[in-house]
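**Q** Below are the chains, spelled out letter by letter.
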Amino acid sequence: MANVPADRKYTREHEWAKAEGEQVRVGITDFAQFQLGDVVFVELPKAGARVTSMKTFGVVESVKAVSDLYAPVSGEVVDVNAELGRTPELINQDPYGRAWMLVIKPSDPKELEQLMSAADYERLIAQAS
Amino acid sequence: MPAARAPYERLIFELSAPGRLGHSLPACDVPDPDPAAHLPKELLRADPPGLPEVSEVDVVRHYSRLSQLNYGVDTNFYPLGSCTMKYNPKINEDMARLAGFARLHPLTPDDAAQGALRLMWELARDLAEISGMDHVSLQPAAGAQGELAGVLMIRAYHLARGERRKKVLIPDSAHGTNPASTAIAGYAVVQLRSDESGEVDLADLERNLDEDVAAFMITQPNTLGLFESRIHQITELCHAKGVQVYMDGANFNAILGLTRPGDLGFDVCHFNLHKTFTTPHGGGGPGAGPVGVKAHLYPFLPAPVVVERDGRYALDGKRPQSIGKLQAFWGNFGMLVRAYAYIRTMGPDGLRAVSENAVLNANYVLRRLEGDYERATQGPCMHECVVSARRQKRQGVSAMDIAKRLLDLGFYAPTTYFPLIVEEALMIEPTETESKETLDAFCDAMARIAEEARSSPAAVLEAPVTLPVRRLDQALAARRPRLTWTPTAPGAGP
Amino acid sequence: MRYISNTKAQQREMLGVIGAGSIEDLLVRIPPKARLGRPLDLPPAMAEMDLVRHLAGLARANASADDVACFAGAGSYDHAVPSPVNHLISRGEFFTAYTPYQPEASQGTLRSIFEYQTMIAELTGMDVANASLYDGGSALAEAALMAHAATGRETVVVSRGVHPLYRQVAETYGEGPGLRLRAAPLGEGVTDLGALRKAVSTATAAVVVQYPNFFGCLEDVAAAAEIAHGAGALLVVVVDPMSLGVLVPPGRLGADIVVGEGQGLGVPMSYGGPNLGVFAARQELVRRMPGRLVGETVDLEGRRGFVLTLQTREQHIRREKATSNICTNVALCALMATIAMALLGRQGLRRVGELCVAKAHYAAARLGAVPGVRLRFPAPFFKEFTLQLPRAPERVVKRLLRDRILAGVPLKGFDRAYRDCLLVAVTEKRTREEIDAFAAALGRAVA
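Residue numbers (the numbering used here), protein chains in the order written: chain A, 20 to 148; chain B, 10 to 503; chain C, 2 to 448.
Bear in mind the hints are in silico, worked out from the structure with no lab data behind them. One should not assume that every hint holds.
[Said to hold, decoys possible] Straight-line distance between alpha carbons at most 25 Å, and here's what the computed DSS-like set of lysine-lysine pairs gives:
id, chain 1, residue 1, chain 2, residue 2
1, A, K65, A, K124
2, A, K74, B, K176
3, A, K74, B, K250
4, C, K34, C, K9
5, B, K327, C, K430
6, B, K175, B, K327
7, C, K34, B, K250
8, B, K250, B, K175
9, B, K445, C, K9
10, B, K99, B, K445
11, B, K327, C, K34
12, B, K303, B, K250
13, A, K37, A, K65
14, C, K399, C, K413
15, B, K176, B, K303
16, C, K34, B, K303
17, A, K83, A, K37
18, A, K83, B, K402
19, A, K37, A, K129
Quantities reported herein were computed from a predicted structural model and do not represent experimental measurements.
I would like the entire structure built from these sequences, with the hints used as guidance.
**A** Dropping the structure here:
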């Protein structure tokens with residue numbers, strides 16, 4: 020049964036978004052990494068790039084699949100996790116912690132509130148299984 | 010393959026010793042053999058390239074040993090769906106190697122290449138007859154290029170009529186090259202659902218057909234091995250909206266002499282000569298992917314086109330509306346010779362027998378497997394069948410595990426995890442060249458694996474164990490790609 | 002029918018197991034009106050010896066390089082094919098093998114492709130090479146698409162020294178993605194660097210030069226690299242692998258992507274196909290490379306093994322997001338090249354290049370000495386050169402066929418500006434006698 024921490028919000032495309040003061044930290048869920056299998060590569064934007072809510076910001080590749088990554092909120096990318104370039108398997112090992120992908124300075128604080136709660140996301144993935 | 014002795018593990022570079030040579034070149038018979046006499050020094054490389062230094066004996070032994078690490082159709086049964094791994098006739102190899110074909114330069118004047126041009130012209134005519142199309146281009150180098158050519162011709166056709174349509178419809182069961190080729194041609198792909206029987210969902214098709222759709226691409230029979238029985242309705246619905254219909258010819262082995270895309274309403278189709286027409290797979294190519302069109306698309310064919318007048322053949326490059334070229338010269342001529350030889354060997358009755366026996370063999374395998382594996386479709390299949398290993402998955406054994414266990418038992422694996430719409434899919438295409446004995450041996454092996462899955466799954470999960478290598482770490486290969494050999498430190502050993 | 006194993010009795014037995022009365026019962030899904038109601042209108046089946054006679058007749062109607070001394074080039078060359086190549090690639094486990102998607106049963110193919118990738122990377126001076134593409138033209142097209150995807154820019158500046166047929170393939174492939182190809186003119190047979198500098202801008206994804214170029218001339222690749230990189234564009238170099246035993250490889254001159262035609266390495270000319278598309282790139286671009294890649298890994302017991310890797314770039318996984326639709330490589334042709342390169346080895350490929358240079362320069366001198374004939378360009382050349390003739394080159398070629406010489410490739414069909422020119426190629430196989438005979442025959446033909 021996939022792990023779904025209660026301290027953050029979720030998208031239908033299996034990203035998580037955690038408020039950290041004015042900023043939002045983003046990654047993919049335990050369910051997503053399990054579906055993908057062994058992650059081999061992740062393509063992320065550079066700091067300074069702009070992202071738009073529910074538009075793609077990058078790509079995550081496993082041995083058998085490629086998935087788009089969707090921005091949970093719009094805004095400016097202020098930090099990108101450089102460790103993932105060297106050690107993409109972190110995404111399988113610690114998707115909610117060390118394998119965070121981006122930190123975004125959101126342009127519209129309401130977008131975060133509109134995302135799914137942990138309970139709603141749990142229901143979504145229960146249907147998918 | 011001989012498994013008893015220790016498998017051969019070397020790379021050619023590891024056999025290299027300074028000063029060994031495997032070549033034989035004559036002394037220079039013209040003055041000034043030193044390139045420095047003719048070229049500025051800064052253009053010349055100071056060091057020779059780092060190729061291995063090995064003797065001819067080393068090379069022959071090394072590559073002969075490497076070949077023994079492979080399965081091939083010549084040694085093993087390949088039940089791969091949609092690949093048509095049928096027997097590759099040896100006479101085709103002899104014919105392709107005739108000096109008049111193999112040693113002919115592509116820019117030889119037409120008058121001095123009449124044999125080659127006539128062969129191409131006749132092959133194009135034969136493929137047109139087999140498919141019910143009006144014209145065929147032999148230029149595309151592979152099925153994927155044939156698809157690209159087809160979609161680009163459809164694009165040119167619409168543009169010539171003043172229309173800039175933006176979408177192409179493709180079923181969710183389609184082979185990956187279909188959406189890829191379509192995307193390269195600049196179209197947006199709209200995926201259509203298949204219905205419960207596995208055929209195209211007509212309601213979904215109708216819902217999505219509009220005048221912004223350029224084409225509908227479909228494989229016939231489809232990738233579940235089913236003949237799309239409502240095909241006339243499909244092509245009529247498409248044509249009513251000005252949509253062109255493309256047939257992916259990967260499954261042509263099912264329909265030779267029985268039905269023809271041109272008679273079903275298709276506007277374009279491609280052929281995979283390395284499937285239906287026996288040109289060898291070669292470990293991954295070369296292939297050839299000719300494309301056939303109805304008359305309205307003739308102006309857009311890749312250039313040049315082989316034409317005939319008064320018994321003389323020529324390459325006609327004056328094609329102002331052509332989509333251009335897919336490769337530099339005229340086509341994979343060496344493969345065209347092989348396909349031509351095959352068609353002449355079989356004749357019309359032989360080709361029909363090919364499809365009849367391909368269908369018979371696939372249905373026999375399906376009947377023998379359906380006790381242990383879930384059928385993905387109902388009723389008779391065409392030349393290939395799809396079963397699901399869903400039952401085995403619940404016992405902890407996946408389609409991939411079954412594939413690996415088959416390798417242990419001396420068979421190449423079927424296609425796995427395709428089509429994407431079937432869970433734990435195993436797609437099996439026996440082809441007509443296999444005997445009942447081989448099919449029985451394969452089905453017995455599949456039954457044995459199903460039994461192992463039930464009672465002793467370790468044998469399946471640990472497979473393969475009899476091959477030169479065990480299961481290989483794909484994740485490591487992708488995370489830390491090592492794509493070239495580098496010498497180890499001196500003294501470290503091979 | 003010798004390719005169908007089952008007898009009528011076995012067919013009946015199988016129908017019995019299936020529970021069908023006849024094969025027709027299995028075809029019920031095909032609507033009756035879709036059924037072809039007649040046999041295919043094709044010539045009747047031929048017995049093997051009749052087929053051989055028929056095809057031998059068609060083969061004889063061609064002037065092959067066994068019948069004539071071949072001085073034609075332009076992307077297809079009469080280089081020597083070492084004798085073991087054909088024997089080895091004719092082993093059934095190589096030529097009847099499938100694509101190595103089940104790596105445990107395909108280590109022979111995979112290991113030989115890994116060797117091929119290594120040798121091509123080494124020859125071109127690049128970091129990584131793929132398992133091959135269809136031919137030089139489609140390899141150039143794929144390089145253009147890759148540069149477009151990597152830079153986000155839409156224009157590709159292509160020197161007029163690049164093979165015109167390769168350029169046409171790139172234009173065809175570029176239609177869909179909206180690539181714009183701009184031409185950079187030549188001056189004296191090589192790219193006019195001043196004009197190139199003006200043609201390149203921040204809208205340029207890549208600059209393409211060929212080395213040696215279509216006319217045989219050697220380009221200043223390093224200068225083209227400086228111009229491309231100065232504008233943030235990639236440099237794509239189209240090469241002749243046969244020259245890389247002698248010439249400085251493009252990887253040392255600033256190339257970002259190297260493509261070319263590898264047919265000279267053990268692959269028969271075969272009237273233009275199948276060929277061998279060479280493709281190599283710098284390390285940073287590896288995840289954008291089209292085509293198959295073989296990588297080294299280990300198995301469960303730590304044993305070295307090889308697999309197709311980075312497959313998620315490919316069509317069967319990326320589907321409509323794939324940046325290329327290529328599905329096959331030309332594995333068997335790549336194997337021919339691998340074996341040829343192993344046999345030639347370090348010293349042999351250099352010697353082949355030296356012979357080509359010496360013989361081509363001897364030929365250029367002898368042919369250029371024929372009254373009315375001159376070498377068209379002053380630039381240095383490797384094995385091909387362009388002659389300006391006082392008579393229509395197509396007629397000269399036709400006339401010399403009677404002397405059993407294929408004199409070269411008339412350039413009128415490629416570029417009307419050179420309609421009085423003939424492109425002549427001289428490989429290591431051309432003897433002094435053949436060259437002298439060519440000069441004599443040319444003298445007669447233009448007198």
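**Q** Does each hint fit the structure? Answer for all of them.
**A** Hint check:
1. Proposed proximity of K65(A) and K124(A) is supported: the alpha carbons are some 14 Å apart, at most 25 Å.
2. Restraint check: the Cα-Cα separation between K74(A) and K176(B) comes to about 21 Å, which is no more than 25 Å; the hinted pair holds.
3. A threshold of 25 Å between alpha carbons decides the hint, and for K74(A) with K250(B) the separation of about 32 Å lies outside it, so the pair is violated.
4. Taking the CA atoms of K34(C) and K9(C), the gap is near 28 Å; set against the 25 Å cutoff, the hint is violated.
5. Restraint check: the Cα-Cα separation between K327(B) and K430(C) comes to about 35 Å, which exceeds 25 Å; the hinted pair is violated.
6. Between K175(B) and K327(B) the alpha-carbon distance is near 29 Å, which puts this suggested pair outside the 25 Å criterion.
7. For the hint linking K34(C) to K250(B), the alpha-carbon distance of about 23 Å falls within 25 Å, and the restraint holds.
8. Distance hint between K250(B) and K175(B) is fulfilled; the C-alpha atoms sit about 14 Å from each other, no more than 25 Å.
9. For the given pair, K445(B) sits about 11 Å from K9(C) by alpha-carbon distance, which is consistent with the 25 Å threshold.
10. Distance hint between K99(B) and K445(B) is fulfilled; the C-alpha atoms sit about 22 Å from each other, no more than 25 Å.
11. With a C-alpha separation of about 39 Å, the suggested pairing of K327(B) with K34(C) is violated against the 25 Å cut-off.
12. Distance restraint check for K303(B) and K250(B): the Cα-Cα separation of roughly 18 Å lies within the 25 Å cut-off, and the hinted pair is therefore satisfied.
13. Distance restraint check for K37(A) and K65(A): the Cα-Cα separation of roughly 20 Å lies within the 25 Å cut-off, and the hinted pair is therefore satisfied.
14. As the CA atoms of K399(C) and K413(C) are separated by approximately 14 Å, the hinted pair is consistent with the 25 Å bound.
15. Taken as a hint, the K176(B) and K303(B) pair is honoured in the structure, with Cα atoms around 21 Å apart against an allowance of 25 Å.
16. Between K34(C) and K303(B), the direct Cα distance comes to roughly 20 Å. Compliance with the 25 Å bound is thereby established for this hinted pair.
17. Of the pairs offered as hints, the one joining K83(A) and K37(A) is violated, with about 29 Å between alpha carbons and a cut-off of 25 Å exceeded.
18. As the CA atoms of K83(A) and K402(B) are separated by approximately 18 Å, the hinted pair is consistent with the 25 Å bound.
19. At most 25 Å may separate the alpha-carbon atoms for a hinted pair to count; K37(A) and K129(A) meet this at roughly 14 Å.
The earlier numbered hints that this structure contradicts are 3, 4, 5, 6, 11, 17.
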